[in-house]
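Going line by line, the protein sequences match chains A and B.
For the first sequence, the numbering used here begins at 290 and goes up steadily by one.
For the second sequence, the numbering used here begins at 290 and goes up steadily by one.
Treat the hints as calculated values from the structure; they're not laboratory data.
What you are looking at is a predicted structure, and each value in this text was computed from that prediction instead of being measured.
Each residue gets a CB set at the ideal place from its N, CA and C atoms; glycine is no exception.
Heads up, some of the hints might be wrong.
Unchecked claim - Each pair of labels, with its calculated beta carbon distance range:
(1) B:R625 / A:A351: 34 to 40 Å
(2) B:Q360 / A:A339: 38 to 44 Å
(3) A:K347 / B:A359: 24 to 30 Å
(4) A:E712 / B:T291: 28 to 34 Å
(5) A:K347 / B:A351: 14 to 20 Å
(6) B:A428 / A:A339: 51 to 57 Å
(7) B:Y852 / A:K347: 51 to 57 Å
(8) B:T291 / A:G507: 40 to 46 Å
(9) B:T770 / A:T800: 45 to 51 Å
(10) A:K778 / B:Y852: 53 to 59 Å
(11) B:D622 / A:S292: 43 to 49 Å
(12) B:Y852 / A:E712: 38 to 44 Å
(13) B:Q782 / A:T692: 33 to 39 Å
(14) A:A351 / B:D622: 29 to 35 Å
Said to hold, decoys possible - Below are the DSBU-like pairs computed for lysine-lysine, each with C-alpha atoms no more than 35 Å apart in a straight line:
(15) B:K820 / B:K778
(16) B:K347 / A:K636
(17) B:K778 / A:K636
(18) B:K466 / B:K368
(19) A:K348 / B:K347
(20) A:K877 / B:K517
(21) B:K636 / A:K820
There are 2 protein chains.
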Amino acid sequence: MTSLQLPRRDLNFLLYEWLGVDALTTRERFADHSRETFDAALDVAEKIAADYFAPHNKKSDANEPTFDGAQVHLIDEIKTAIDAFSAAGLMAAQHDADLGGMQLPATVANACMAYFMAANVATAAYPFLTIGNANLLLAHASPEQINTYVRPLLTGRFLGTMCLSEPQAGSSLADIKTRAELQADGSYRLFGNKMWISGGEHDLSDNIVHLVLAKIVGAEGKMLSGVKGISLFIVPKKLVNADGSLGERNDIALAGLNHKMGYRGTTNCLLNFGEGKYKPSNSTGAGLGAIGFLVGEPHQGLRCMFTMMNEARIGVGLGATMLGYTGYLHALDYARMRPQGRSAAVKDPDSPQIAIIEHTDVRRMLLAQKSYVEGALALNLYCARLIDDEKTSVDEVVRHEATLLLDILTPIAKSWPSQWCLEANSLAIQVHGGYGYTRDYNVEQFYRDNRLNAIHEGTHGIQGLDLLGRKVVMQQGAALTLLAREIQKTIDQALTVERADTRNFGLSLQTVYKRLLQVTEALHRAGDMNKTLANASTYLEAFGHVVMAWIWLEQSLAATKNYDETDRDFYHGKWQACKFFYLWELPKVCAMIDLLQALDTTTLDMQDAWF
Amino acid sequence: MTSLQLPRRDLNFLLYEWLGVDALTTRERFADHSRETFDAALDVAEKIAADYFAPHNKKSDANEPTFDGAQVHLIDEIKTAIDAFSAAGLMAAQHDADLGGMQLPATVANACMAYFMAANVATAAYPFLTIGNANLLLAHASPEQINTYVRPLLTGRFLGTMCLSEPQAGSSLADIKTRAELQADGSYRLFGNKMWISGGEHDLSDNIVHLVLAKIVGAEGKMLSGVKGISLFIVPKKLVNADGSLGERNDIALAGLNHKMGYRGTTNCLLNFGEGKYKPSNSTGAGLGAIGFLVGEPHQGLRCMFTMMNEARIGVGLGATMLGYTGYLHALDYARMRPQGRSAAVKDPDSPQIAIIEHTDVRRMLLAQKSYVEGALALNLYCARLIDDEKTSVDEVVRHEATLLLDILTPIAKSWPSQWCLEANSLAIQVHGGYGYTRDYNVEQFYRDNRLNAIHEGTHGIQGLDLLGRKVVMQQGAALTLLAREIQKTIDQALTVERADTRNFGLSLQTVYKRLLQVTEALHRAGDMNKTLANASTYLEAFGHVVMAWIWLEQSLAATKNYDETDRDFYHGKWQACKFFYLWELPKVCAMIDLLQALDTTTLDMQDAWF
């Protein structure tokens, strides 16, 4: 049987043979670490994911959270799993030793998180959001707030959320209506409804730290319009006393749970802030509302929230990747053990049936999955490696460039796995045939779970607008120029190697990425933002495939560099998946670029009445 | 609010303005019909679908069939709906007046069925399978069998199934093991296990007529190998007495229900034949087994079954289409009423939000859906129109050509909607944002339901092998040559019209379909069937898009011919959807043809150990 857990062999290749993560131990922050300590962290993650997360993945899908009007009920295994995660110190894997953290590089911490997302993406969402929440506070909160909230977040005593959307404001955050009223003591009272809050209510932890976007009510009861008016608040489920003990319940009421197609183990909530359901006993009439504490400066809320959002987007990409990856491993296992049919050339019906992996079309589906999921994981860990450079490189230029590359790659790291690792999950179902469509097998759940990822933390369309409308043009195109330089470096290297196909792939990539640069310019010369952005989703998809081709060329070169005859199958697998990507996937980009180059207005011209 | 039911305007366009179905009334078989009677049938279907099928679509998804070890339980609404369907005479919509049928053209009958599949594909599966079962028997059974089984099938007193797969033999029918032993009275006793039997057990009807593939045990207990050994049997759930009354229960035991991702209202069963659970009282020890009756000649079972299978494949395509269509209508409705955000050019955050249909990216998603679902419905009704020609044209050449075109288009009519109308459902979710991912809305169910269609009645891969391995080469390529002639006819017509884009699209299609013909030849010159068929799925997809481009050009021409200023929006919608298909979809084919032309062996070369 094929192992159904993320293969350490691939992780080792990505972390050590390609990204050189062991070299990070020369940096001061990681001086106490070594490849051994990294491996030990991965071992712990692998084991806890296998022992506590994977076993209830199906059960929590079949038994989604319920709300009896007073309390939310989850299956017990979720709390046990999160407690095991926290107890192992994984909530603070990346954080300062001063805060009780392991001070691991982001690259290693993300690789650890990959195990949990592969095992049970819905349960992993609670720690994932908590870590993002803590990181935001570490970046923007006061020392006192860090002490009060971050420390318990990093031990799992508190869990965290992000509260952005409202029923009338999903993608359009400028339209949020939640208001915050300043009190004499410097705190705020919040009133409003927040929608789609993952982990918004549960009994998994002593407390829940909500990070809430709201608009401060100014003079004459007015609020600033648009995104500029948004501020960020800590609004805890239970108030925290000065000594860290918990006080009364804050006025945050669960109005209902969303019932989802997948990702069911994660509660997803409509929360009412300040509706009066829970009135702290010290409230006077004027003091009604959920008690909140401003984070950072007023009106800087969206900027602060994007610290968490960017991390969340890369995390969403990692979740999508790991759903795809685990689906691939399940499909591979099934294909190796399921006998069915004979090869096209065999005529004798009495010959034994062959395993379906022998059928070319099944191999196509497996190879496509491999190219999507291994490619996506590589991109994700590459982004994590950039986070390490951004945070810990001693070279200012390296830090600055890492930030730029992260900025431009974030929409890709989020959207590409959400699209293609979902496709991988569809192929995993297809490999299973009818069995794959049943809940007796696992792959249909992965497909349902993964369909969320193109929606939350900024839809596919939003990622396209972010990439084409902001990222490629910011700072006079500095990020795009830098990315192009990095891609060209890889191509230059590819052109020097012996393998003819690697050289050819380098030339293919060169042609395509240069066309992408040209079309970027052409789109921004259109002179009408509606026209420029009309086909931003197509631009996002073309861009994503170019990035993934680059990442595959990188992997192919790393395979050449580290090739070891005793492990030949592994390296041949990398080369063949790279080949698949260049011959089967990259050519799809041409039609997209043609369409973009033509400034096609078919969708822009379409009229409501014509539908 | 947008109507959520299949718009009659589109049906009228397809049936009357394009396919000229009213002209069929000049044929003897349809002499009693007129456009009025066709419309009346459509009215009945529309109303029953709305009144009895749509209301329980969500309920039967949330309350799937259960098996208590003795009986299967379904929600009551399913039986009520099927009874209403039968009472309206729709089970016999196409059948002879002698058999109590309406003698409607297949085109009109399929259009009627479209309403039911749009309203509730899982409940519609029971009549759909029953009609296919009756049609098979009408083509191959004895007059006595027709009397005994078909008459009650056509009134809905009996329902029908097709029993092909077995646990060890899904796509590989050559490997079925169910055996049939001839008895002295000319009947057979069957022993074996059948898997994936939709409608295999329920209490919706007095009886269930199973059509079962099995191998006859010959001298020395041997069975013929491979598909050549397969025969077809009627195996009723309850035996039928000479007077039509029901006798004892036959030995067919439900071993379990499959629990599916979607399509939940349709029971899907593992059935054990002849395991001894139900022993008819007249059985002696030697006579154990499920009692079956041979249909047609021995060893012709697969050929007979393909009468039903081909019909089922087109029906699967229609089901996929209607799931896509209804999802599109839901997305359109949502997009028109949901306010969110502002256009890219508007900077004032205090300006009112706009309906999301105003966002170009949402229009893209809607227009893509429109091009997929209206295109798929057109292809499906075109195929039904070919069935009418095949069965009722007075011209032998027309009949022969209709058969050939049906042969080559069946894999497309099955696979294309299964792929692209599923994509439409994914886009419908995306238009809804987070709401689309919840079960409070309808679109996530359509997506789950639709994912089955690329699997059952021959997977996507099987359709590719059928198309490239058999259909394009059969009779020295007669079907392909004929299809090419029909496509060229449409192009020639397109080149004469005034609209410049129609002419351009004609030229685009000409270039692409000719390349497809060349690549077909190249693939069959490869000299190694493994190589020829290696990329058959890609061939299927390229072929499907070419066919769909042709169907869209046909629709565009019909719009030009029938254009009416008072209904201008409708015709502009057709032109714009055609334009979308030519500019956004058809170009995707080029990369596929390049890959095929290169006889790419990337997947063929991939080795098991490299995964």
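The hints, checked one at a time:
1. B:R625 / A:A351: 34 to 40 Å: For A:A351 against B:R625, whose Cβ atoms are near 36 Å apart, the range 34 to 40 Å holds.
2. B:Q360 / A:A339: 38 to 44 Å: 40 Å, holds
3. A:K347 / B:A359: 24 to 30 Å: 27 Å, holds
4. A:E712 / B:T291: 28 to 34 Å: Given range 28 to 34 Å: holds, Cβ gap about 30 Å.
5. A:K347 / B:A351: 14 to 20 Å: 19 Å, holds
6. B:A428 / A:A339: 51 to 57 Å: 55 Å, holds
7. B:Y852 / A:K347: 51 to 57 Å: 55 Å, holds
8. B:T291 / A:G507: 40 to 46 Å: Roughly 41 Å apart at Cβ, these two residues keep to the hinted range, so it holds.
9. B:T770 / A:T800: 45 to 51 Å: 37 Å, violated
10. A:K778 / B:Y852: 53 to 59 Å: For A:K778 and B:Y852 the Cβ distance comes to about 57 Å; the hint holds.
11. B:D622 / A:S292: 43 to 49 Å: 47 Å, holds
12. B:Y852 / A:E712: 38 to 44 Å: 39 Å, holds
13. B:Q782 / A:T692: 33 to 39 Å: 58 Å, violated
14. A:A351 / B:D622: 29 to 35 Å: Because 32 Å falls inside the window, the suggested range holds.
15. B:K820 / B:K778: 33 Å, holds
16. B:K347 / A:K636: Given that 35 Å is the threshold and the Cα spacing comes to 47 Å, the pair is violated.
17. B:K778 / A:K636: Not OK: B:K778 and A:K636 at ~40 Å, beyond 35 Å, violated.
18. B:K466 / B:K368: Given that 35 Å is the threshold and the Cα spacing comes to 34 Å, the pair holds.
19. A:K348 / B:K347: Satisfied, since the Cα-Cα distance of roughly 23 Å is no more than 35 Å.
20. A:K877 / B:K517: At roughly 42 Å apart (the allowed maximum being 35 Å), B:K517 and A:K877 break the hint.
21. B:K636 / A:K820: 16 Å, holds
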